[in-house]
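Protein chains in written order, with my numbering: chain A, 1 to 357; chain B, 1 to 307.
Everything labelled a hint here was simulated from the structure, so no lab data went into it. Treat the hints with care, as some may be off.
On the chain A side, residues computed to face chain B include the following (Cβ under 7 Å) [as the list claims (entries may be wrong)]:
{"no.": "1", "residue": "A22"}
{"no.": "2", "residue": "V51"}
{"no.": "3", "residue": "L143"}
{"no.": "4", "residue": "V145"}
{"no.": "5", "residue": "Y156"}
{"no.": "6", "residue": "V157"}
{"no.": "7", "residue": "G332"}
Even for Gly, the Cβ is constructed at its ideal location relative to N, Cα and C.
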Amino acid sequence: MRIDLEPRRGRQARLEVLAPIAALALAMAIGGLVIALLGKPPLRAFEVYFVEPLTQGWSLQELAVKASPLVLIALGLSFCFRANLWNIGAEGQFIIGGLIGGWLGIATQGGEGGRWILPAMLLLGALGGLAYAMIPAVLRVWLGVSEILTSLMLVYVAELTLDYMVRGPWRDPKGFNFPVTVNFDEDATLPLLVEGGRLHFGVVLTLLAVVGAAIVLSRTLFGFKVRLVGNAPRAARFAGFDDRRLTLAVFAISGAAAGLAGISEVSGQIGQLQPSISPGYGFTAITVAFLGRLSPFGILLAGLVLALTYIGGEAAQIDLKLPLDMTKAFQGILLMCVLAADVFTRYHVRLVSGRGR
Amino acid sequence: MNSDTIQFVLISVVTAATPLIIAAIGELVVERSGILNLGVEGMMIVGAAIGFAAAYESNSTLIGALAGIAAGMALAGLFACLVIGLATNQVATGLALTILGVGLSGLAGAPFVGLKREGAGQLHLPGLSEIPLVGKVLFGEDLFVYFALALVGVVAWFLARTRAGLTLRAVGDNHASAHALGIPVRRVRFLATLFGGGCAGLAGAYISLVYTPFWSPGMTAGRGWIALALVVFASWRPWRLVAGALLFGGATAGQLHAQLLGLPLPAQAMSAVPYLATIAALVALSIWDRRGTAAPAALGTPFVPDR
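Work out the full structure, taking the sequences as your base and the hints as a guide.
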């Protein structure tokens with residue numbers, strides 16, 4: 001038995017829309033199988049994961065709040081992935097963004113306040129993420145060090161740095177020894193969009209970023225360069241594009257996006273710093289980027305789907321006693337299905353009998 | 001520091017290095033065949049969970065180790081079907097494998113959290129194991145350590161001295177030419193990937209069976225990624241990899257002992273040492289080794305055979 005791949009001619013617009021949907025369906029089927037193997041009812045699990053969160057007002061808000069960081073990070077990553085660069089340390093850039101931006105929230109706590117604080121926090125967060133992403137980018141451009149390994153190693157360093165700061169120097173002295181910082185003042189908290197709800201201003205930032213990314217990718221020379229370097233690196237070199245500058249630029253964009261997502265989460269959702277500020281958004285965003293086929297509006301939809309798995313995962317933990325790890329396993333399966341489905345848009349795939357070669 | 005303490009430190013360096021050696025030697029073979037499997041961390045942690053579960057149920061370290069190998073190979077087989085059969089992107093598929101592995105290990109290991117079992121036995125050679133200072137380091141380690149070194153020797157011999165090893169390297173350097181010569185490129189790569197998966201699974205099982213004889217979620221703590229970095233650091237050469245692993249083992253063990261000695265540094269700074277050391281090692285390597293990369297030429301590029 002072997003698999004034969006024969007290239008398709010031209011682009012297959014219909015297949016490119018169908019592929020992610022088919023991948024999602026396949027991943028759900030495999031996930032259901034795993035759940036059945038764990039001795040739980042798969043249909044009920046489907047309901048808990050993918051239907052019930054869509055039926056209530058509060059959970060719809062929660063969905064937007066969870067999708068927001070995923071979409072924002074994935075938008076940034078899509079620039080890297082399109083240019084064939086592998087920033088897989090968005091989780092670390094997210095954390096550093098939250099940490100640097102959160103510093104201002106702590107520093108201004110109990111002070112005079114002012115309208116400048118919130119924009120300054122967001123700016124600091126984005127710059128923090130950007131600076132942190134520059135480490136792997138610069139090492140790659142100047143020394144040829146693999147950006148994959150360095151960006152990933154820096155995730156662990158970021159987690160440990162945050163852990164140290166909230167347990168040590170930044171711990172709230174009146175916090176009964178809990179490892180958390182003070183609660184930010186109102187001037188350092190992203191405003192809510194719905195009175196008494198969960199939806200905060202970070203969601204608006206994300207929507208603006210989606211539109212912005214769509215314009216940059218389709219309407220600017222920079223967007224064209226990013227697409228060209230990824231699709232036809234030789235042509236890009238002949239055209240005289242400076243791929244070093246491009247590498248730095250796409251890392252800067254993805255780092256800033258992840259950092260902004262980090263400070264939005266800290267300032268809009270959590271309201272203080274704590275030892276862990278992300279349930280793995282930076283890694284899930286990789287799946288979001290690919291499920292959305294690296295296009296801004298696709299990423300928006302994909303972010304909502306993956307946010308659903310987080311909310312459904314929490315509900316399934318209570319309802320069905322399914323461990324939270326089910327969500328992670330499902331995300332891995334989904335990413336694999338997406339990558340496999342993509343092959344069908346580019347090749348005719350045939351199973352041929354006979355020995356593999 | 002008396003000689004017993006020094007010996008204790010040396011042994012902890014070796015045990016910290018062993019899982020890195022096992023996982024990295026497997027990945028070295030995979031990469032020499034031209035496949036980049038970034039899922040080492042995922043295969044390792046599943047190997048740790050399944051290995052502990054099997055060893056606990058059967059009360060046998062050997063069965064645990066075999067189960068870890070099988071689990072790593074199963075995941076590697078899935079990875080191979082995607083990247084070799086369907087020519088998917090290797091980086092993204094490897095990441096997916098890691099995400100999946102971390103999730104699966106949590107599912108499989110959940111019933112075993114907090115359980116303990118005896119670690120593996122150590123070699124004991126009367127006379128030799130009692131030599132002061134080095135006796136225990138050389139002749140009194142657990143059997144996995146000797147197995148890991150033997151594995152490196154076999155891989156080094158296989159790659160350099162056998163026809164099959166030459167074939168594997170040819171596939172990794174130029175898959176189109178190898179294919180034209182009639183070498184079954186995809187089959188060679190499939191087998192290499194399975195070998196790498198087995199090694200990663202065994203390395204994970206070593207961590208949950210010997211290194212810290214219990215299972216806890218996320219216990220591999222990035223060692224799979226460090227193993228990947230080690231392969232680069234070793235310039236894809238087996239024996240250099242052992243030297244690199246001992247260096248990292250030293251960093252890990254040094255961090256533990258510094259904590260025990262109560263050095264006035266925060267625990268988090270100590271824990272960050274292996275990760276920072278990895279980055280530093282990669283940077284140092286690229287500064288010293290200016291002749292260009294020693295990476296297999298076809299590493300990470302998808303292969304679609306023409307007919």
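Hint check results:
1. A22: Violated, because the Cβ-Cβ distance from A22/A to chain B comes to roughly 14 Å (cut-off 7 Å).
2. V51: violated, 22 Å
3. L143: holds, 4 Å
4. V145: It holds, given that the least Cβ distance between V145/A and chain B is near 5 Å, below 7 Å.
5. Y156: For Y156/A, the interface hint holds, since the closest Cβ of chain B sits about 5 Å away, which is under 7 Å.
6. V157: holds, 5 Å
7. G332: holds, 3 Å
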